[in-house]
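Residue numbers (the numbering used here), protein chains in the order written: chain A, 5 to 694; chain B, 5 to 694.
No lab work stands behind these hints, which were simulated from the structure alone.
One or more hints might be untrue.
Chain copies aren't distinguished; within one or between two, either way the pair holds.
Claimed, not checked - Using 30 Å as the maximum straight-line C-alpha spacing, the simulated DSSO-like pairs for lysine-lysine come out as follows: (1) Lys302 to Lys361; (2) Lys630 to Lys691; (3) Lys29 to Lys371; (4) Lys5 to Lys604; (5) Lys279 to Lys561; (6) Lys279 to Lys371; (7) Lys323 to Lys622; (8) Lys5 to Lys29; (9) Lys561 to Lys354; (10) Lys29 to Lys425; (11) Lys279 to Lys381; (12) Lys630 to Lys320; (13) Lys334 to Lys381; (14) Lys691 to Lys29; (15) Lys558 to Lys150; (16) Lys567 to Lys691; (17) Lys279 to Lys417; (18) Lys334 to Lys302; (19) Lys361 to Lys331; (20) Lys323 to Lys5; (21) Lys279 to Lys425.
Just so we're clear, the structure is a prediction, and the values are computed from it rather than from any experiment.
There are 2 protein chains.
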Amino acid sequence: KAGWGDLDVRAVDTVRLLAADAVQKVGNGHPGTAMSLAPLAYLLYQNVMTHDPSDPTWLGRDRFVLSCGHSSLTQYIQLYLSGYGLGLDDLKALRTWGSQTPGHPEVHHTPGVEITTGPLGSGLASAVGMAMAQRRQRGLFDPDAKPGTSPFDHHVYVIASDGDMQEGVSHEACALAGHQELGNLTVVYDANQISIEDDTDIAFSEDVAARFEAYGWHVVEVDWRQDADGATYVEDVDALLAAIRSGDRVSDKPTLVVLHTIIAWPAPTKQNTGKSHGSALGDEEVGATKELLGFDPKKSFTVEPAVLKHARDVVKRGKAAHREWDKSFKAWCKANPDRAELLDRILAGKAPAGLQKALPTFPADEKGVATRAASGKVLTALADVMPELWGGSADLAESNNTTMEGQPSFIPKGKQTREWKGGPYGRTLHFGIRENGMGMILNGIALEGLTRPYGGTFLVFSDYMRPAVRLASIQQAPVTYVWTHDSIGLGEDGPTHQPIEHLAALRAIPGLDVVRPADANETAAAWAQILTNTDGPAALCLTRQPVPTWDRTKLGKVSGVAKGAYVLVEESRAGDPDVILVATGSEVQLAVRAAERLEKSKVATRVVSMPCREWFEKQSRSYQDKVLPPAVRARVSVEAGVSMGWHDVVGDAGRCVSIEHFGASADQATLFREFGFTPEAVVKAAKDSM
Amino acid sequence: KAGWGDLDVRAVDTVRLLAADAVQKVGNGHPGTAMSLAPLAYLLYQNVMTHDPSDPTWLGRDRFVLSCGHSSLTQYIQLYLSGYGLGLDDLKALRTWGSQTPGHPEVHHTPGVEITTGPLGSGLASAVGMAMAQRRQRGLFDPDAKPGTSPFDHHVYVIASDGDMQEGVSHEACALAGHQELGNLTVVYDANQISIEDDTDIAFSEDVAARFEAYGWHVVEVDWRQDADGATYVEDVDALLAAIRSGDRVSDKPTLVVLHTIIAWPAPTKQNTGKSHGSALGDEEVGATKELLGFDPKKSFTVEPAVLKHARDVVKRGKAAHREWDKSFKAWCKANPDRAELLDRILAGKAPAGLQKALPTFPADEKGVATRAASGKVLTALADVMPELWGGSADLAESNNTTMEGQPSFIPKGKQTREWKGGPYGRTLHFGIRENGMGMILNGIALEGLTRPYGGTFLVFSDYMRPAVRLASIQQAPVTYVWTHDSIGLGEDGPTHQPIEHLAALRAIPGLDVVRPADANETAAAWAQILTNTDGPAALCLTRQPVPTWDRTKLGKVSGVAKGAYVLVEESRAGDPDVILVATGSEVQLAVRAAERLEKSKVATRVVSMPCREWFEKQSRSYQDKVLPPAVRARVSVEAGVSMGWHDVVGDAGRCVSIEHFGASADQATLFREFGFTPEAVVKAAKDSM
């Protein structure tokens, strides 16, 4: 039982009215859910979650994810009431420039917000990642502790909405959550049956409870709408708490509480309507609601001091829990000095000292290796030196080379297969054919904060992950994508599988580093640079087909990779070259071959390998000008993708060797030849440019 | 009962070996599923589907969708056996340059292929669209016919795989299919439990049957694997046929047949392995399989004449069915001359003659209207003149203005709501919050061929739809996207909802027309141009906020929209202008204001409105040079998105007024000001460029 007294009930009504007032003040927003979910939100922050408002980043805290991010007030008002530092003025500044209370919750912006949500389904799916990360972290730092006794034990709580349940990513992530038996995850699904097109019956009639049972979840239903017209609506908080707590006894399944509510309860005329979902209620309706709840309809943002004081008692409880945790954490540190050292390094955001040394180097080889294969070797080499690194693939492990050799799978004991052995604390992730779910889960893992995740699929399927990639960029989450089969060079699978527009489309995303190494050693250097950065996601775009491993005693040093672009082949003559060939990935070899021919015909030709435009743009102007002397206007870009974006590099006089249409099904040599990716084509472009 | 004789059994074994041989010959591909699904595929083409191999585009045919497109041989071999024109040589040319048998099935490329598949989930989801379209088409052309008596009646059959079921889009589309009570859709799910990472138990343990029952589907299970080790594997074709036929008696639910198979059956050592999913079996294994089935292991591509002759009998049956259909179709034509005329026009790929005349014109208005609102008025105005046009939104009807006023919803009678009335033949689509599902469904509707669909969401959520948009482009499907809230101008919802990189990222997709009109009249002209094109998808990017409606008596004519770009404001002086401002959408007003200021300081300034770069690129060089005189190097682009791609237009001397980072939560006026979208900023950029 929640044991709520009058002050709690008053606090909950205060929450409803603050939500209505805040939206009313700015004139737009989403009041309805914040009103009807006031009891749930208050219950979570006051009675359910272990948290310490005085230390929002406490390692031992439970995580809270508001998957229905549009109802940001659901969270903001609790952050205010429970003492995270938000004030009434912040609520009054809802959805305005520079405020702590933007339209949707933003991590790294508002203390107490764990994750940026808004795009539906994303929060729920990322919460699955948090729950997975919690288990992996426990395995990494405190595997032998009994359940519930480790400072690394915590729980993930989610509020989700009808919209979250409709989005495909909820299927991907929640099916995997059931499969992974995530007993540390509890989702309360607000089944209010209202979205922007009003009654969700117009498009949504699935049995969500049965669906989640089919995924292997523990499902409990709580219905506050005793009768259909809401006449006897009773917010039975004890029943809700019991439902949530029932999950504590089910350690091998995530819990879904299906909570049937009436949106905007108890607004007299706008409850249970689509209007109350996404629009201000209007002064009259807000006033009427205040009267109904025994508040002065003429006053706004009313918070009685006794209510606030009572609610803020949660700080005391949080500090006490935190003190208890400190004891066990100290004991853990003492007992596990090596692990404590690892934790310190991770919390400091530092890459391991031995990172560079651990990297493999690949001998020069004209035939070479595929960069995906090189990437696999790098990962295996990093396994011991970087224990926080883990990842896997969306069912393409062998194709993406994402498995660190010899590392166990992250999988419940009973779900090992003949090909994959492991356990609940394993390291190799198996996402199934669920790319967007993988992306969102990677975000959740990164946000949990103690491990560093990567995930692979074919580059063409980065399209499926785009919503997650964008959220990684917005949240500056250090997620690494291993996207292999990065051009028509993948061959026979044909146009549906051949990326054409993807490199450009990904470079368009602010804050995402798109890295396309040219050979095996560039791949190793790219991994090192990516793992040294901690402020955002990076995409490694890798070949299916072998590419030459360059002889670094004769060509530019691989350390240039970290600068995003560098001179791989110097022109033969002093002074500026006649032409610069700029290439990435598998097309660097075409530029090198073309340069040989051009030099034979006395054209001083420079080849610049440009694995990462974003890194290059961060270099000093003088370095940039050294690599690409401004006086040299004859320039050619060579990349097996659309030319979009390359005009910035090659300029008005430049030429782009590119492909502006979809690919075809044939072997890669034929495709490169037929689609004009040959040394001859590069030579011709160079001459045209000069 | 299927009533198969020895020749049918031999034909099925022939199919298995053709699959193994074809992959073996090219050296790569997916033999396993084509082998084990040989009985199913043969059953569908021989016993289940109504089709006429001599006329692959016959209106009355059932549709077949191979959602597991990697198993393209499953379809190619049936197309060969049943006489669609493919020969043995085509099977031998599998996955090679220029062949009729590319890696994945491609519509418009191989006769008998209805849809391009490969990306998992896409075929299944588009099949839902086909089934929806069939119902709408029937309502449009023959609403009063009794069930099963109309020439517009047909059924949609799908083969799906484990991977299809894992993808999120299967959830979105199949939940909607259940909701829509699509009795005309039958999916056979090949539950072989093998994908690239071998046993799917590693990531996939949901109860698919229970899940689809939760969606409201009719579900039947058929298990050919009588015991776990496959020792008593029995391909009970009669049980399978009975399961498929059981759906005929359930007119208000789609049917899912869960068929448990062993992949690559009966290959002696590679059956039931991940290797057999995506790799050639090897000569030895193929030979052993041949021996097992009583074929000569030394011969490849063996098809006994009697087997081929027997299989080709389906042509006779198809022609007979076609003749029967012709009678009912002729009767329908006679009884429905107006509808027949409409059908003729649609089949000819022509827009209605009255299209231009039906368009609304909007009076000049400085305050103006949002282009999304103008779009809504256009749609309503087109309702009567273009009956084949229909669409809706992913739960944002009111925001996207996608509803033709007064048109009924497409919804089962029992699922109407207080806000939305309609019926099974209705016109307003409700996709729920399922953007990618919507996109795939739109593709299916367009591929069905008799109606023209559109679908709306916020532009930022085009990310969720990207896999579907790419497939629309690959398939040249005339789908229209109504993407509103197309910049930071949407205001308070903040960075998760504000598109930044989306216009660039969409322009990168080959074959997609990205259209961003500047005012209400440009919006009408844009719709007209889009609806006149029939060879690919188009994206309408529309504002949330009002934009001025230009006075066309003083400024450039709106007919310029069809050319992609045109001079909106002429420079004041004869000869070339000093500077050209190129803008799109809501930023055109900034260019116009800036031009006024520049002209005041004697700078001859031209404003070019460029609603669609793809249309402009199709114009003659002379028109392009007239709009953008090559001699004028001082150019500024103005668009509230990343500058990527604009360098091509403005050149080395040009400047881009753009935004290269994520947005923020505030009112739109503040955002435009704070992020540098002001006339002053454009003036400064113009001066910098000169």
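Hint check results:
1. In this assembly of identical chains, lysine 302 and lysine 361 lie within 30 Å of each other by CA distance neither inside one copy nor across copies; the values are 69 Å within and 54 Å between.
2. Proximity of lysine 630 and lysine 691 under a CA criterion of 30 Å is satisfied in both settings, with 22 Å inside one chain copy and 29 Å between copies.
3. Proximity of lysine 29 to lysine 371 under the C-alpha cut-off of 30 Å is restricted to the inter-copy arrangement: shortest distance 25 Å between copies versus 67 Å within a copy.
4. When the C-alpha separation of lysine 5 and lysine 604 is checked against a cutoff of 30 Å, the pair qualifies neither within a copy, at 85 Å, nor between copies, at 74 Å.
5. When the C-alpha separation of lysine 279 and lysine 561 is checked against a cutoff of 30 Å, the pair qualifies neither within a copy, at 62 Å, nor between copies, at 39 Å.
6. Taking CA atoms no more than 30 Å apart as the test, lysine 279 paired with lysine 371 passes between copies only; the shortest distance there is 26 Å, against 64 Å inside one copy.
7. With identical chains, the CA atoms of lysine 323 and lysine 622 are never at most 30 Å apart, being 43 Å at best within one copy and 67 Å at best between copies.
8. With identical chains, the CA atoms of lysine 5 and lysine 29 are never at most 30 Å apart, being 36 Å at best within one copy and 69 Å at best between copies.
9. Taking CA atoms no more than 30 Å apart as the test, lysine 561 paired with lysine 354 passes inside one copy only; the shortest distance there is 25 Å, against 60 Å between copies.
10. With identical chains, the CA atoms of lysine 29 and lysine 425 are never at most 30 Å apart, being 57 Å at best within one copy and 34 Å at best between copies.
11. Taking the closest pair of Cα atoms, lysine 279 and lysine 381 come within 30 Å of each other only across two copies (22 Å); inside a single copy the shortest separation is 56 Å, beyond that limit.
12. Taking the shortest alpha-carbon separations for lysine 630 and lysine 320, neither the intra-copy value of 60 Å nor the inter-copy value of 73 Å comes in at or below 30 Å.
13. Taking the shortest alpha-carbon separations for lysine 334 and lysine 381, neither the intra-copy value of 37 Å nor the inter-copy value of 67 Å comes in at or below 30 Å.
14. For the homomeric pair lysine 691 and lysine 29, neither the shortest alpha-carbon distance inside one copy (64 Å) nor that between copies (41 Å) is at most 30 Å.
15. Taking identical chains as interchangeable, the C-alpha atoms of lysine 558 and lysine 150 are never at most 30 Å apart, the minima being 57 Å within one chain and 79 Å between chains.
16. Taking the shortest alpha-carbon separations for lysine 567 and lysine 691, only the intra-copy value of 28 Å comes in at or below 30 Å, while the best inter-copy value is 33 Å.
17. Only between protomers do lysine 279 and lysine 417 lie at most 30 Å apart by alpha-carbon distance; the minimum there is 24 Å, versus 48 Å within a single protomer.
18. For a Cα distance limit of 30 Å, the shortest separation of lysine 334 from lysine 302 qualifies neither inside one copy, at 53 Å, nor across copies, at 72 Å.
19. Proximity of lysine 361 and lysine 331 under a CA criterion of 30 Å is satisfied in neither setting, with 37 Å inside one chain copy and 79 Å between copies.
20. When the C-alpha separation of lysine 323 and lysine 5 is checked against a cutoff of 30 Å, the pair qualifies only within one copy, where the shortest distance is 23 Å, while the shortest distance between copies is 72 Å.
21. In the homo-oligomer, the alpha carbons of lysine 279 and lysine 425 lie at most 30 Å apart only across protomers (18 Å), although the nearest pairing inside one protomer, at 52 Å, exceeds that limit.
Hints 1, 4, 5, 7, 8, 10, 12, 13, 14, 15, 18, 19, counting from the list given before, are not met by this structure.
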